[in-house]
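Chains as they are written, first to last, in the numbering used here: chain A, 1102 to 1381; chain B, 8 to 412.
Derived by calculation from the structure, the hints in this document are not laboratory data.
Being a predicted model, the structure only gives us computed values, none of them experimental.
Possibly wrong hints are sitting among the right ones.
As the list claims (entries may be wrong) - Here are the simulated lysine-lysine pairs, DSS-like style, with alpha carbons at most 25 Å apart:
1. Lys403(B) to Lys1359(A)
2. Lys1235(A) to Lys20(B)
3. Lys1256(A) to Lys323(B)
4. Lys1215(A) to Lys323(B)
5. Lys1132(A) to Lys1256(A)
6. Lys1359(A) to Lys323(B)
7. Lys323(B) to Lys1235(A)
8. Lys65(B) to Lys403(B)
9. Lys10(B) to Lys403(B)
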Amino acid sequence: MTSDGTLLKVSNVRKNFAEVIALDGVSFEIKSGEVVGLVGSNGAGKTTLLRLMSGVYRPSNGDVTLADGTPVYRMRGNLGVVPESTGLYSRLTAWENIRYHSRLYGVSDSIAWKRTLKFAQSLDMEDNLSRYTKGFSRGMRQKTALLRALAHGPKVLLLDEPTAGLDVTSARTVRALVEQIKQEGGTVVYSTHQLFEAQQVCDRIIIIHNGVIKANGPPSKLIQDTATETLEEAYVSLTQEKARMRFEDAKQESGITKLWHKLFRPKTPELAYEGGDLDE
Amino acid sequence: MNKSLHRITTIAKKEVVEFARDWRTIVAIIIIPILMFPVLFIVFPILLESEAAELDSKEVNVEVQYNSYPDFIVTQFNNTTTQLTLISTNFTGSLSDPRDDLDRVRDMEIDAVLRLNYSSDIWYYSIIHLSTSESSSEAKARIINALISFENNLTAQRIAAGGLEVNSTLDPLRWDGETSNADVATEGEQAGLILSLFIPLVLAIWTFSSAIQPSIDMTAGERERGTLEALLGLPCSRNELLVGKWLGVATITGVGVLLQIVGLLFAIGYLASSDFIGVPDLSGFAILLIILSIMLFAIMVVALELALAMRSHSVKEAGSILGPAIILIIFPALFTQVINLDGIESFWFGIPVINILLALRELLLDRVIIEHVVIWMITSIVYATLAAYYAARQFKREDIVTTLS
Chain A
1102 MTSDGTLLKV SNVRKNFAEV IALDGVSFEI KSGEVVGLVG SNGAGKTTLL
1152 RLMSGVYRPS NGDVTLADGT PVYRMRGNLG VVPESTGLYS RLTAWENIRY
1202 HSRLYGVSDS IAWKRTLKFA QSLDMEDNLS RYTKGFSRGM RQKTALLRAL
1252 AHGPKVLLLD EPTAGLDVTS ARTVRALVEQ IKQEGGTVVY STHQLFEAQQ
1302 VCDRIIIIHN GVIKANGPPS KLIQDTATET LEEAYVSLTQ EKARMRFEDA
1352 KQESGITKLW HKLFRPKTPE LAYEGGDLDE
Chain B
8 MNKSLHRITT IAKKEVVEFA RDWRTIVAII IIPILMFPVL FIVFPILLES
58 EAAELDSKEV NVEVQYNSYP DFIVTQFNNT TTQLTLISTN FTGSLSDPRD
108 DLDRVRDMEI DAVLRLNYSS DIWYYSIIHL STSESSSEAK ARIINALISF
158 ENNLTAQRIA AGGLEVNSTL DPLRWDGETS NADVATEGEQ AGLILSLFIP
208 LVLAIWTFSS AIQPSIDMTA GERERGTLEA LLGLPCSRNE LLVGKWLGVA
258 TITGVGVLLQ IVGLLFAIGY LASSDFIGVP DLSGFAILLI ILSIMLFAIM
308 VVALELALAM RSHSVKEAGS ILGPAIILII FPALFTQVIN LDGIESFWFG
358 IPVINILLAL RELLLDRVII EHVVIWMITS IVYATLAAYY AARQFKREDI
408 VTTLS
């Protein structure tokens, strides 16, 4: 950590997937004790950015480093990651899932257990730790993934849409946990496309659109800078450009697969809607 | 413990535990391998025997059409489950032409018709039967047995009537003593020969096929379920991940192969229950080389399967690649069985898959030919390294984190 409290630096990062530029010229810093929101529409590049920050992806250009300049992929032990899919093994219990990751982080079972119990109380998960995750609801899976990400005591917690698909109560519990981590001095990067949530949880919001950072600052400043009255209006004014489609999955198909898809691509009917009753 | 080794063993342990918790896995990895050969070699023959006994006691109806009373047939079928109906007739045309009997046999009014036409000291015969009917086939088999017995008697009578000694005329060339005493191969070597026909084949096919499911589950399966992304964010390298998963698949596969061989040996031992097969004579060096060859083969096969599965975006895609790929093992495995090991050219020991299978065959015969050993060992190390390198490249791809779902 530097004297100004910087923990993580993203410097002029570009990420290409074949010919598609997913992120371009992305720079920002994460300071200790901050909760930073990554806000953007689907396909904006939030997940790609989080994967770069967690060391799963390497930048095509630029750097993602800790404050001392060490590339983040070499120091992944400092991070706790909750991917959007949660990534739990259904044939392991919640605790076994947590323990598996903790062991790979090099943390002893006893320390991981103590930390797990501490946060499990906040998430009301103590009674579920010895259950197989197969029957877990989306909310329970998300909570288990959070416990797993916290068990080794990370310096920065990276959350990819942690409340997506959760019921109101579970979403509130997750947000409350983030608040608790913040109160304890923890640092969180929180990806979401829900503006009210970002406003509620985050100290600072980074709006990302089509792979480019459109704004970076506290919610009140974004509203002020765009001369709007709400964060939603500010967001809309900053993201006028039409959002692109997802791109990562479509890249690097083999020649035969491309040809096959071309041969068997279903035809879309060439009909135009000319008005009138659709029930006819 | 070294940190890297700790991470590798943690990954491998978790893979084995998670895999073993699925009861279908226990069936596939433990129950099926251990039961397959005993069922094939013990239960199946028992079933065949009971079917044969049932057929023996089955009552069949045979119509005998003759122009000269066949006393020998009637005598043989007295007091048996074969019911004869005797009809005297005069034959015209070929005896094999079913004529009026066609519909009667097809409609199973009668199981078979034996036609006997005695002319100029020769019994001409034919059996009208329905080959797709078990009863008809059984009737035909009983008739043929009776006819063979009759023919032997008749031949002996005619030889004797000609003034010749029957035994020396019919059997002028004979082996003297116990045939097994004349084989200079030891019992252990003979056991090795029998095992060399089974074990390489079983090892090759089962290693490949039993590694398919865990390989897919631990790669494309993780990718599809979204667990891989969380794993890739952990402070373990992709190579550690690959080695850990390889160890997991190899353990599961190794248990399956071992149990299948135990089942095979048990079945052979049961069939033998006497001295059909003994313990092969193998030197310590040959055993060491056998273990080494299996390990090299497993490294290559499992690494290749992990790589191919990791390339796939989904379990379905991985299955459609790895399923047919078993042909790459079956064909060489079958081919290797017919290669003559005496004076075999050395180049065979450089061909992937074939080299290990031939090495196993030679080693089970306790033939340690240094030139062959050097060739299969070097080439196998090269192939295993290439497969591991290819797998490592697949594990380092960035797009393995993306899923179709």
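Now for the hints, and whether the structure bears them out:
1. As the CA atoms of Lys403(B) and Lys1359(A) are separated by approximately 23 Å, the hinted pair is consistent with the 25 Å bound.
2. Restraint check: the Cα-Cα separation between Lys1235(A) and Lys20(B) comes to about 20 Å, which is no more than 25 Å; the hinted pair holds.
3. Proximity of Lys1256(A) to Lys323(B) is assessed by CA-CA distance (about 39 Å); at most 25 Å being required, the pair is judged violated.
4. Our distance criterion of 25 Å between C-alpha atoms is broken by Lys1215(A) and Lys323(B), whose separation comes to about 40 Å.
5. At roughly 11 Å between alpha-carbon atoms, Lys1132(A) and Lys1256(A) fall within 25 Å of each other, so this suggested pair holds.
6. Among the hinted pairs, Lys1359(A) with Lys323(B) is consistent with the structure: their alpha-carbon atoms are about 18 Å apart, no more than 25 Å.
7. A distance of roughly 21 Å separates the Cα atoms of Lys323(B) and Lys1235(A); the hinted pair therefore holds under the 25 Å criterion.
8. The hinted pair formed by Lys65(B) and Lys403(B) fails the criterion: a straight-line CA distance of about 68 Å is larger than 25 Å.
9. Our distance criterion of 25 Å between C-alpha atoms is met by Lys10(B) and Lys403(B), whose separation comes to about 20 Å.
In this structure, the earlier hints numbered 3, 4, 8 are contradicted, and the remaining ones agree with it.
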